Amino acid sequence: MYALIWMKKDKLSSQLRTWGVISVLLPALLWACAKGDAPVIMEMSGLPFGGEICRVAVLPFTNQIDYRMGGSVFTRVFTSELIGKGNYVVSQEGDVRKILQQMRMLPGETLSSEQLRALADRLGVQIVITGAVLEMRDKTRFGRKLDPSVAVVVRIMEASSGRTLWTTYNRSEGTHYRVVMHFGVVNTINELAKRSSAEIIDAWQEKGFKKCID
Amino acid sequence: MLRCIFCFMLFIAPLVAALAPVQAETLAIFPIEDLSKGGNGVNYEVSNYLAWEMNQRGYDVIADEELIAFMARHRMRWLGFLDTSNIVSAQEELGADLILFGTVSTRQESLSPSLGLTLYLVRTSDTRTIWTGNAGLSAQDIINILGINEKSEKEGLMAKLTQNVLQSWPEDLNLIASQQQPLEIAGYSLTPEHVQRGDEVFCNVTLRNKWSDEDMPRIFFKAAGRVYRAVYSAASQKYNSEWIVADKDGRYPVTMVVNWPSGRKKVAYIGSYRVDSTPPRLVLDLKGVQLQGTVAFRDKIIIVPRMLRREPVARWKLRVDDDMGEEQMSTYGYGNLPMRFVWNGLGRDGWPAEEGIYKISLQVWDRADNVAEAVEPVAVARTPPTMVLEAKNRGRDMIVDLSHEGNVPVAFWRIEMRGDDGSVIKVAEGEELPVRIDLNRPTRRTIKVAEELRSPGKTIKVADQLRPPSKTIKVAERLQPPRKSTTIKVAAADSPLQIDGLRPEDKDKRKVSATVIIRDILGNIRKEKVDNLYDYFPEQKNNQEVETITAPVWLESF
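Residue numbers (our numbering), protein chains in the order written: chain A, 1 to 214; chain B, 1 to 558.
Misleading hints may appear alongside valid ones.
[As the list claims (entries may be wrong)] When the alpha-carbon atoms are kept at most 30 Å apart in a straight line, the in silico DSBU-like pairs for lysine-lysine are as follows:
id : chain 1 : residue 1 : chain 2 : residue 2
1  : A       : Lys211    : B       : Lys265
2  : B       : Lys300    : B       : Lys359
3  : B       : Lys248    : B       : Lys317
4  : B       : Lys529    : B       : Lys426
5  : B       : Lys160    : A       : Lys85
6  : A       : Lys210    : A       : Lys139
7  : B       : Lys248    : B       : Lys266
8  : B       : Lys511    : B       : Lys527
9  : B       : Lys37     : A       : Lys139
10 : B       : Lys266    : A       : Lys85
11 : B       : Lys527    : B       : Lys300
12 : B       : Lys248    : B       : Lys392
13 : B       : Lys511    : A       : Lys98
14 : B       : Lys210    : B       : Lys266
15 : A       : Lys210    : B       : Lys511
16 : A       : Lys98     : B       : Lys266
17 : A       : Lys210    : B       : Lys265
18 : B       : Lys248    : B       : Lys222
19 : A       : Lys145    : B       : Lys37
20 : A       : Lys207    : A       : Lys85
21 : A       : Lys139    : B       : Lys160
22 : B       : Lys287    : B       : Lys300
23 : A       : Lys210    : A       : Lys85
24 : A       : Lys211    : B       : Lys266
25 : B       : Lys160    : A       : Lys145
26 : B       : Lys265    : A       : Lys98
27 : B       : Lys265    : B       : Lys287
28 : A       : Lys98     : B       : Lys238
29 : A       : Lys98     : B       : Lys392
30 : A       : Lys98     : B       : Lys37
31 : B       : Lys222    : B       : Lys266
[To be verified] Chain B is faced by these chain A residues, among others (derived, beta-carbon under 7 Å):
id : residue
32 : Ser45
33 : Leu146
34 : Gln205
[What the hints assert, rightly or not] Stretch-level coverage of chain B by chain A, calculated; a stretch enters the list once three of its residues show a Cβ under 8 Å from a Cβ in chain A:
id : stretch
35 : 30-39
36 : 120-129
Note that these hints are calculated values from the structure, not bench results. Everything numeric in this text was worked out from a predicted model, so none of it was measured. A virtual CB, placed ideally from N, CA and C, is assigned to each residue, including glycine.
The shape of chain B in the complex, shown without the other chains:
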């Protein structure tokens, strides 16, 4: 019995082994992208059909679950294309000899069902695409004689299209890598991108390639005609090098040179850095009022920075210092300068800054950290103009002289004068000081009694002026020559009656109030109310000083 089994095994087993494939290639079929569904579309129908078809052709197709887990592990978010690292990983982790992926390019069903399919077959040993297939098929393309057995639906279209594409599938796939493994740069860093002369540049490169100790290449970085040896760090798995820049301003490309012991050489461009040792040029324009060579303001000042040579700005800082050098305000930012700054005149405590001279300075750093500074003085002036008022009589009229004290020119003034009864006598306004204003006071009822007064004790009749007209006024005792009174008091009158003197030197002491507004060009406003302009008479001022009353001159002759 055992002999029979042994004989069977001896003859049948080689026969079975001969019929089975000697070594089935492992094929990974990635889900087919469907561009007709957008950038993230996937067509499982074509993917599954391809898996079944390839299985039928004798390939060892990797299971879907394993493939999806691989894609998730490698964070593959796009279909339709692969990168070298994905292909190498698929070989290492899935054991794939070949990778098949592709795209359903067009798919429209509204008019006549149509499909387009593009497939790529990649050899994982050297990541080379060794076969591509591409075709499009519409229901209108399937034409039979006399229209017999023609189908208008998309039924069977996908299978037919896939078969069309696979028609050119190679009978004998060459799995031997024909090309050298490419130099794969997984990542690189070249910092800083902008440097000054004397700064240090750091460069490191991570390569995906692995070499044996015998074939380990030497790696250099080349910049500005100089070569720097890169040192391999096992901890970070990077090739590092650094060097000090000693070149004039300009852009310098950096290349990586790989020298293998066999003499093979490979040069790859890494990036470039720019040497910039020239600081930016900057000026400040202050939008304010020029006063004695300094820009002055009351509420806020607009500061406009201007680059004389345009170049990108990395960061900036604006600060305002008082005359003691203490910082009152500061602000900073990154990136390009704002179009303008505004200082609202507040100090660091949040209250309006005191009057005085302040220093506005703006510092600007370019990308290579060259710094430029522009400084401008600015004056804060908040004191309103001081009013200077003087009034004097000219006969029956009054002259008012209005001026101001201070360095800030006046932008506007206004004076409004009212009589003792509140009525407006005069309003004047203008833009320049000093100014002289003539005030014509309204005439009061005047009784001309000159001739009659010469006879003491004489009774005069003032028919036109008094009411009732027939009233008789006694003026005897007031008109004595020694009494040089200018005013005649009429005792018998119903109400006290003031009679103006006739001579021009006589003064009108009726009350005149005034309201004065003065605004300077910075916007500071002075508003004052004068109760009686008589108080601003020079004589009155003198009287107030000596407290003496001088008699009118004209009474002597009288």
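With the rest of the complex left out, here is chain A:
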């Protein structure tokens, strides 16, 4: 008899606990869906110099989608955010392109570790950032309304060894930034790329990629 009552109590408490968890998680889940996912960072190895990095080179991002000049668009926006958010000394894009040209590398070609080391040495940088644009669109599928989305993968490579230290994936949509009704919705690729870049750099800085004090 006591055992039966105890079982009923346990069942009841279990149900209450389940509903409690759902009632807490559901709004959180809805909020998370509305805000979009945070950047996913995979740390293969720690950053050199304890994360105190100033000199950075950004290689042109490869464009893996059919959005015209998508790689260049994201590279420019990301570099702009990197300078703005961390005061980093980013090598001029012209210098990077000139060295790649001297190495007879075509856009989108992967650098060997030796080439990466040579490039970093020539530019005098501590890390090299490269990446790929996996998704970029500014309209809905049938082009009836603006609905931008951007997905990128960004890699931090060590200049001295050429190995990948961190890999970050981030995907965002214009509606992720909705505040209420249509307020807050991002309608341009440029603005969305800016937000996405800012999220990635913020996440890096939280993980130990320190701002440059120079």
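With chain A held as given, fit chain B onto it using these hints.
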């Protein structure tokens, strides 16, 4: 009056000087790139607006014409980015303290006008980007309460976007260079890229940096653990060094070490070279017929080169020499070897090379100039097989023995024999020689008169054989015992009548012609026409030699 003017100048001039900017920064605004128009797109609307806006803010903006001339002078074909040399040149030639450039990233008008703009501000003293601005704006972003005064066109969008971007423009720009001037390598050369042990490596570097005599650094090149001092050449403005390679096979990186008198040190990676002292390994496969250990051919031979250890080839040469060592054919090329070579058997004069043994040699040089050679002999054989024919009688039939002379095996033969009237008697063919062919000759009308001939002067009637059947043949004078003739001539007959003898030793001397074709395995063909096989009888050959006719033996008993 003069006093009044002096007083005016004394009080007013400082006031004017105080109101004017003390030192306006010179700003170069490069044309803004427009990626929405492709890689070479330019947006003059934004460029002009920025020039006007910066002018309003008190900057000394360099004129467009001067800037375009500068870009043409420096062959700047791309907008949206600059390299260090462009920035330094802009400072030196245009006197620019700051450079503003940027990109219109997105621009779409089909659904709702949208623009994206990214701007970079570079300090020319240390080529550092000191400010960036970035924003995107769509017509849908401009939302007023109850939609009052909302614009759906792109009118004013660009100006609003530019203002948004410039919102974060710094109030006080720090024009003092905070970082040391970077080491700028204008160019370098490290040759050759592939060397053998004992070869010399040349390295030179051109630096864009200039130093005073007091601060002039010493420059070294470091390779395989050794350090080589670089010598500055004022004529070429390069730092040069060379050294002899004495290391084992492998890749060796080369770094440049810059040592300043202050103790500051900078190491920069230049490139690498590979030491390769091992020649490639090579064999030749000849696609032909093996004859007594040598590949033989008639028309052409296919030569397939095969590298036993795969490695890139710098150049190659194929040549064919005769047994005297004279070159009959040669060809050469650069880069990797062709899949195969073909020698069509022609000599250097363009005519087919004579029969004999030739030497095919292929030389291959790798990237470090190590040479490998493969040599193979090859035989040219163009003589067709020699036919050997012998015929003899066996009773009424004929036996034909066909064979050939020569070292090249036969691939095919054919013999076609015809009678004196042109009709085909026999056709035979095969793939091996020698061969014996039996020839059954067609029987002629034969008159059997043996018994009747025993009585001299007797008249016989050959009813079945002669036409008209009633014809009478006189054979008396031919059948005398001393005359051992095997043939009876019938004088009274309408036409000459040959009557075969009955004995097996008797010969059939009717004409048999033959056409013989023999082809060897190299494709050489012998075709001969024999007018009369009787000429190939051994007896006939003997007769031709002694010119005597022997009588048949059987007539004696007769």
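Results for each hint:
no., hint, verdict
1, A:Lys211 <-> B:Lys265, "25 Å, holds"
2, B:Lys300 <-> B:Lys359, "14 Å, holds"
3, B:Lys248 <-> B:Lys317, "28 Å, holds"
4, B:Lys529 <-> B:Lys426, "15 Å, holds"
5, B:Lys160 <-> A:Lys85, "23 Å, holds"
6, A:Lys210 <-> A:Lys139, "36 Å, violated"
7, B:Lys248 <-> B:Lys266, "28 Å, holds"
8, B:Lys511 <-> B:Lys527, "20 Å, holds"
9, B:Lys37 <-> A:Lys139, "18 Å, holds"
10, B:Lys266 <-> A:Lys85, "29 Å, holds"
11, B:Lys527 <-> B:Lys300, "22 Å, holds"
12, B:Lys248 <-> B:Lys392, "79 Å, violated"
13, B:Lys511 <-> A:Lys98, "93 Å, violated"
14, B:Lys210 <-> B:Lys266, "15 Å, holds"
15, A:Lys210 <-> B:Lys511, "113 Å, violated"
16, A:Lys98 <-> B:Lys266, "21 Å, holds"
17, A:Lys210 <-> B:Lys265, "25 Å, holds"
18, B:Lys248 <-> B:Lys222, "17 Å, holds"
19, A:Lys145 <-> B:Lys37, "22 Å, holds"
20, A:Lys207 <-> A:Lys85, "15 Å, holds"
21, A:Lys139 <-> B:Lys160, "22 Å, holds"
22, B:Lys287 <-> B:Lys300, "10 Å, holds"
23, A:Lys210 <-> A:Lys85, "11 Å, holds"
24, A:Lys211 <-> B:Lys266, "24 Å, holds"
25, B:Lys160 <-> A:Lys145, "22 Å, holds"
26, B:Lys265 <-> A:Lys98, "25 Å, holds"
27, B:Lys265 <-> B:Lys287, "63 Å, violated"
28, A:Lys98 <-> B:Lys238, "20 Å, holds"
29, A:Lys98 <-> B:Lys392, "92 Å, violated"
30, A:Lys98 <-> B:Lys37, "23 Å, holds"
31, B:Lys222 <-> B:Lys266, "12 Å, holds"
32, Ser45, "21 Å, violated"
33, Leu146, "6 Å, holds"
34, Gln205, "17 Å, violated"
35, 30-39, "holds (count 4)"
36, 120-129, "holds (count 5)"
Violated hints, in rising order: 6, 12, 13, 15, 27, 29, 32 and 34; the structure is consistent with all others.
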